[in-house]
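Student: Letter by letter, the chains look like this.
There are 2 protein chains.
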Amino acid sequence: MDKVNLAEKLSGFSDYFNPRIAGELNGQHIKLVKFKGEFVWHHHDNEDELFYVVKGSFDMHMRDKIVTINEGEFIIMPRGVEHKPVANEEVEVMLFEPASTLNTGNVINEKTRTNLESI
Amino acid sequence: MDKVNLAEKLSGFSDYFNPRIAGELNGQHIKLVKFKGEFVWHHHDNEDELFYVVKGSFDMHMRDKIVTINEGEFIIMPRGVEHKPVANEEVEVMLFEPASTLNTGNVINEKTRTNLESI
Chain A
1 MDKVNLAEKL SGFSDYFNPR IAGELNGQHI KLVKFKGEFV WHHHDNEDEL FYVVKGSFDM
61 HMRDKIVTIN EGEFIIMPRG VEHKPVANEE VEVMLFEPAS TLNTGNVINE KTRTNLESI
Chain B
1 MDKVNLAEKL SGFSDYFNPR IAGELNGQHI KLVKFKGEFV WHHHDNEDEL FYVVKGSFDM
61 HMRDKIVTIN EGEFIIMPRG VEHKPVANEE VEVMLFEPAS TLNTGNVINE KTRTNLESI
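Top to bottom, those sequences are chains A and B. Following the numbering used here, the numbering of the first sequence begins with 1 at its first residue and continues without gaps. Following the numbering used here, the numbering of the second sequence begins with 1 at its first residue and continues without gaps.
Hints were generated in silico from the structure; no laboratory data involved. Note that the coordinates shown come from a computational prediction; the quantities given were computed from them, not determined experimentally. Worth double-checking, as some hints may not be accurate.
No copy labels: a pair is met if it fits in one copy or bridges any two.
[Claimed, not checked] Straight line, CA to CA, 27 Å or less: simulated BS3-like cross-link-like pairs of lysine-lysine:
1. 9 - 84
2. 3 - 65
3. 55 - 84
4. 3 - 55
5. 9 - 65
6. 3 - 84
7. 9 - 55
Sequences are here, hints too, so could you generate the full structure?
Tutor: Structure, rendered in structure tokens:
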């Protein structure tokens, strides 16, 4: 029951596409992550995923469109929908998703992160 | 799969303690709400609740302490924990909580809101 300051937590790490756990509720995680560059195309079979931009902006690529998500905006990617975040500049993002969610979804590669750090 | 701009959604209403639904995922709701004044002491038997301040600040009263939540900060109120939000000035808040969550929890009074509007 302590509060969490997003900027403070985000200042504590600098690597990209490596989400940290900043909170847990109802079986869901609040994660904080920085993106820069291009992620991998993937989907989640069983999890819907919310991306909220804390600072900066990024492009959410879907197979049929690209949506630019700016500071103060969120997008929900429903389960099963292929997507790929691309950030031309560094962007700070808060994720809200089930604790079971793997960052690369159905894909396992060098970008896959497990045993996420809690901050 | 459209994005949601919080400021734009929040500009669309002006009443207090009347949450709107701005998104749904994994059985959870994203709600937007404005607080001004004092809410009612309550708890939720089965739901944890996250309060993220988009603009302004408010005091989260618990029985043993008061925590001031400022812009860019969140607090998670675990199920069973009594709480009461108090805002001296208008504050804009994003909530993450199960779709089943009633705003006044175990209390039914004139502040209780059901059949929330989706925006």
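Student: Against this structure, judge whether each hint is valid.
Tutor: Verification of the supplied hints:
no. : hint    : verdict
1   : 9 - 84  : both (24 Å within a copy, 26 Å between copies)
2   : 3 - 65  : between (37 Å within a copy, 12 Å between copies)
3   : 55 - 84 : within (19 Å within a copy, 30 Å between copies)
4   : 3 - 55  : both (19 Å within a copy, 16 Å between copies)
5   : 9 - 65  : between (32 Å within a copy, 23 Å between copies)
6   : 3 - 84  : between (31 Å within a copy, 15 Å between copies)
7   : 9 - 55  : both (13 Å within a copy, 19 Å between copies)
Comparing the model with each numbered hint stated earlier shows that all of them hold.
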